[in-house]
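We have chain A; now place chain B onto it with these hints.
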Amino acid sequence: MRKNEMSTSKQAIQWKCLESKIESKRLHYGRFLVSPFKRGQASTVGIAMRRALLQEIEGTSITCARFCGVVHEYSTITGLQETIHDVLVNLKEIVLRGDSKEDIQEAFLSVTGPKEVTAGDLSLPPGVEAIDNSQYIATITQPISLTIELEIEKDCGYRIENLAKSGKGQFPIDAVFMPVRNVNYSIHLFGSGRATQEILFIEIWTNGSLTPHEALRKASEKLMDLLTTFLYVRGGDVSLFENGEDSLDLTKSPSLQPQFGDTNNLEERVLENRFIDQLELPARAFNCLKRAEIYTIADLLNYSREDLSKLKNFGRKSVDQVSEALWDRFAKELPDKKIVLNRRK
Amino acid sequence: MPVLPELAQIQFKGFSRFVHQKLLKELENFPKIEDTDKEVEFRSIGNQYQLTEPSLEERDAAYQCITYSADLYVPAQLICKEDQIVQEEDVRLGSIPWMNSGGTFIINGIARVLVSQILRSPGIYYNRESDQRGILAYTSTVISDQGGRFKLEIDGRNRIWVRISKKKKISIFILLVAMGLCKRDILQNSRYPRIFSNMFKRQKESIESPEDAIVELYKHLYSATDADVFFSESIFRELQKRFFQHRCELGRIGRRNLNIKLTLDVPETESFLLPQDILAAADHLVEISYGEGKLDDIDHLKNRRVRSVADLLQEQLKLALNRLENLIRQNLSRAVRRKRAITPRGLVTPVPVIAAFKEFFGSHPLSQFLDQTNPLSEMVHKRRLSSVGPGGLTRRTASFQARDIHFSHYGRICPIETSEGMNAGLISSLAIQAGVNTSGSLGSPYLEMSDSSGEEQLVNLSPAEDDYYRVASENLLLSEWRGSEKEIIPVRYQQEFLSVLWEQVDFRSIHPLHHFSIGASLIPFIEHNDANRALMGSTMQRQAVPLIKPERCIVGTGLESQVALDSGSVAISEQDGKVCYIDGNRIELSLIHEAKKNKLAQPTTIEELKIFERSNNNTCMHQKPAVSLGELLRGGEIVADGAATVRGELALGKNILVAYMPWEGYNFEDAVLISERLIYEDIFTSLHIEKHEVEICATNQGPERVTKQISQLDGYLLRHLDDDGLVELGSWVEAGDVLVGKLTPQEGASSSRVPEGRLLQAIFGIQLVNARESCLRVPIGGRGRVIDVRWVYPEDDATNDLEVIHIYILQRRKIQVGDKIAGRHGNKGIVSKIVPRQDMPYLQNGTPVDMILSPLGVPSRMNVGQIFECLLGLAGEFLETHYRVVPFDERYEREASRKLVFAELHEAGARTNNPWLFEPSHPGKSRLIDGRTGDPFGQSITTGKAYIMKLIHQVDDKIHARSSGPYALVTQQPLKGKSRRGGQRIGEMEVWALEGFGVSYTLQEMLTTKSDHIQARYKALSAIMTGKPVCKPKTVPESFRLLVRELRCMGLNLERNFISEEDLGREFENI
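Going down the list, the sequences are from chains A and B.
In terms of UniProt numbering, the first sequence has 123 at position 123, counting the first letter as 1, and numbering is strictly consecutive.
In terms of UniProt numbering, the second sequence has 203 at position 203, counting the first letter as 1, and numbering is strictly consecutive.
Since the hints were made in silico from the structure, they are not lab data.
Think of the CB as a built atom: it goes at the ideal place given N, C-alpha and C, for glycine as much as any other residue.
Hints are supplied without guarantee of correctness; some may be wrong.
To be verified - Interface residues of chain B toward chain A, partial, derived using beta-carbon atoms under 10 Å:
| # | residue |
| --- | --- |
| 1 | R334 |
| 2 | E551 |
| 3 | N585 |
| 4 | L609 |
| 5 | C620 |
| 6 | K624 |
| 7 | L629 |
| 8 | L632 |
| 9 | E728 |
| 10 | L729 |
| 11 | E734 |
| 12 | D930 |
Claimed, not checked - Once the Cα atoms are required to be at most 25 Å apart in a straight line, the calculated DSS-like pairs of lysine-lysine come out as:
| # | chain 1 | residue 1 | chain 2 | residue 2 |
| --- | --- | --- | --- | --- |
| 13 | A | K165 | B | K708 |
| 14 | A | K92 | A | K25 |
| 15 | A | K16 | A | K38 |
| 16 | B | K708 | A | K168 |
| 17 | B | K151 | B | K183 |
| 18 | B | K814 | A | K165 |
| 19 | B | K610 | B | K339 |
| 20 | B | K925 | B | K958 |
| 21 | B | K151 | A | K25 |
| 22 | B | K691 | A | K168 |
| 23 | A | K168 | B | K814 |
So that you can see chain A by itself, here it is in the shape it has in the complex:
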């Protein structure tokens, strides 16, 4: 459907890669030309692309490290030149490329010294690769073996881990999932008078985990995702906004509202107005639910445990978290499968 709509526009906007170079393994550069635009359009596209590239692109990063026999990260291991804290800092900076869609992947590092440990020594799960094998992690100066278990996740933006969750020897890392380092765009005019048209140049620097071409494509996908909502906007939809409070909840469609008995009505109304962010779920579970268009507690209660675990990127652990949070905060349980079946379309 999208393709059709794209092709209907009269402009034949074309792009060209002017320059693409790999300055180092961890710094890729690409310069693109997009033209022709009508006056003003280049700026609309340019700023949207810049922001999408900087904000929306997903990356893969190490989010947690487990050391054996280490009490806390501010300690040292005999024979290791760095402190655990320094190792964690170095692990944070490792650039990975991951194609897999799974949520948490395990990797490990097992090296026997004396050796300089680099990203090349990581044993990564299939689908994940280290971009720069020479990226430094630590130096082992004695014949000891160092084993680190790692967790790898894919996300966008950055996260500040809650260290309270860390167990023995397990240290969450404040991961940064931002493969795009920098974006710039410039607009140039050509033609004259009413026929003036614009050329847009986009420059992209990435950290090597994806090429500027890929970044460009992903950014445009993300942008389109954001804008698809408006494709379904029709004139008659005003009826959705019955009162002021609900108007915020734009995406809620009437079909999802269940009709339970009258006695439950009040409670039901309350649950409809409670959004799932009140469950204080972990970011990943929250995002999954959102993607599945589950916005309120009422929405959530339409799903059974099995339904939930069928969601994309929603594992057993997440289901447990959701049901636990639901019970803790609203004293509700996820319904059994059979009750729900007829409620969902």
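Only chain B this time, still in chain A's reference frame:
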């Protein structure tokens, strides 16, 4: 650039002088002690004293919270006079806290530093003073070594008076006669006998004999009543003891100053005032009053001296030995009386010396808690000069003159670095080149100009000598920059600025930063800053927190490396060697030279590194190896970088891309916007280690117990405790969690005193255990990782079964809204908003700006140096160059700084193909583009790389709220301050605000229930418990009662009357 003298030298030299000279001097002065019958004699052989090496390593002393000290042994002899038996033994006199390699002392595990004091030099000073009635009189003040004063005054009728220790004045005759002169001696030896004879004639009662004079003197000085005092030996002795011995000992320096001033020839060993001194002083006073000679300038540095570590310690040792002497005397006579066998060891105890030093280091105002925020603050603290303290000025009374910069400060005391506020000018800092000589005067080295040989001699000039030479400051001095021989050079001469020919210059200063302290000389382009802001800049550099990833400044002055090196924060190889082992804890060097000597064993030295240690200011001291295995090192090379140092250079902050522009009002009033990048890239992330301690002591109900079994508390709070009741190492603790589970035994069933306590007990029937929990909990905002748990046994002799547990919690703090950040030019601000990187304005190459500062922060503050710094930083960023610009480059050329900065920017633009870096139409500025809209901003904006530091003032330490808490005992108002769980003050202006909004109930609640209305407070509590509405108080708060009472004191009564309409009856209500 010339190498500066070792920066902590003032401390090391002082301590070495104490150990090598003063200690011996005091020990040699230790008298022989005989018992009352003179049968047994005790003497110590002071010159054979021995000092042991400190029994513990410095690091261990700090770890075990004890004092790092060396024991002092002296051979002592006990001579029995009857049979001439000599017993000789080494006795321990005590232990002396020992200075460590950093120039500090470890007292009870805490680093302390002795600040040098600067006070008036002993000697005689002539001055003109006005008395209470405003009549001017010439005075001459003799200041003794110990601070006692003796003053001669000449009044309008040419009479000379003496004032001792600010008491009532007496005639000079009484003093002179009391000192043993007769009338004829006085008249003969005085240069102005006319004045003296005139005074004789006017005197009503003549005092002839010395005895009478002594009695008179005694009456004036010490007897409060006018009762008749008759001369006796005891009076004489008391006078001698109290007046002459203590107060007016001039000391060697005082004697020398007196000799010079009065052109006398008294030997330097004569340390008391002699009659001839007083006569000569009186003569000079007469001359002064007739306009001959010069008045003294008490603020001149030649009249002030530095009392360093040596003098402070000597004074304490003297005191201690005095006490020891008395003790030995007592012991000796007691032993002789009881005819016990005596040994020297039995007589001497180390207690007086240990106690004296302990008291001194613990409570003397000049023994200070070392400021260890970063290496620079440590260094600056050691080089501090204080005018306050015992024998010095006081903060409240110190005059403006005493605080002001004096001409003689050039090259000795920094004109910029001092504290702000009350202590301004009283606490100052030593200039980089200045040194203290043995007599305590501040010297400054200069280069002597010589025409013949090209070589210039380095001469150390004392403040007195300074005035007599033409000293050229650094302007236009380098010979290659001189135009001609006839050029006129500005010089300092006799406290004035003159311009003289080049040939007439006697001395020139060594370094452009000669006049400044290290804090001020770390500021690049300081010459473009207003002095007030430079002061703030140097103060705030001392408050910078070491970051986890420090970065060297792009623009610096070149002093960074020496500060880092001398601060002791970096680890340095002591000898030449090869690195043979590295790990996080230690580095081993195999010594090459010694390996050649003995081939059997490979000698190694081990450098133990500091791993996440806590500093006095809760920052983290951590050393990272900076060498690699197999590297060959010279002695003195850096082995490991410490906190806030990178490759041996001081690195207090980070180079941050800043823009000077307004952004949605978020940089109003010096607030600062930052990009999220500073958070997720851990740019301003620092480590803080908090120490929490709890004492376990014995109560009269029995000892306190450390245990995990605490029934009063929720198991969740106790989850981190191990079986012994201590928190487990490495656990992450949140506010409220128990760190040490402790039970204090309690008598019977006496429940807690709070009213709700009893109620709870009644309602829920909680069984009272006969022990109260007194656990150590994590305070609010104190969450973090437990990195160390220590049991400490304090050395205190008094309470021997006291145990202390120390828990160390490490926090990793990212920058957040409310943190204070600052540049080096006194440009400070608070983070007001953290903006995603795509929303920040970006440069023409797409780079988002990291920090937005207010442009209005520059013009009124006049710290233009920050602009130069940030532009040169930008050029350095693109050219990958680090600049070390020595300030005052304007001496080469007009506008030299500006030219340098623009030239570098231009080059950077040309070389890296970024023409926007230097645009001739608006040099130093460039167009920025709004990251939210993509529109360029209307004006071009100054952007650049500035060196920004995160300061120790962080919200996490300051944020605080109170719902209920302690009240002051007297006023019954809530306490203030975070540490006391206090409330926020509702001041006048806040009340106006509430009034302005008409929120009368809120206002009443603020002023009554939440403040000092005791009954309403309790009622509110019970109302909450019972779930009823909190009723409005009917009585008045305590402060209003006080007002009424005060009015009643004045005879005004205040009553509240209800007059009902029907019967016009009145109802009283007493307030």
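These are the hints, each one checked on the structure:
no. : hint            : verdict
1   : R334            : violated (57 Å)
2   : E551            : violated (14 Å)
3   : N585            : holds (5 Å)
4   : L609            : holds (9 Å)
5   : C620            : holds (9 Å)
6   : K624            : holds (7 Å)
7   : L629            : holds (6 Å)
8   : L632            : violated (17 Å)
9   : E728            : holds (9 Å)
10  : L729            : holds (5 Å)
11  : E734            : holds (6 Å)
12  : D930            : holds (9 Å)
13  : A:K165 / B:K708 : holds (22 Å)
14  : A:K92 / A:K25   : holds (17 Å)
15  : A:K16 / A:K38   : holds (18 Å)
16  : B:K708 / A:K168 : holds (20 Å)
17  : B:K151 / B:K183 : holds (21 Å)
18  : B:K814 / A:K165 : holds (18 Å)
19  : B:K610 / B:K339 : violated (57 Å)
20  : B:K925 / B:K958 : violated (37 Å)
21  : B:K151 / A:K25  : violated (82 Å)
22  : B:K691 / A:K168 : holds (22 Å)
23  : A:K168 / B:K814 : holds (23 Å)
In summary, the numbered hints that this structure violates are 1, 2, 8, 19, 20, 21.
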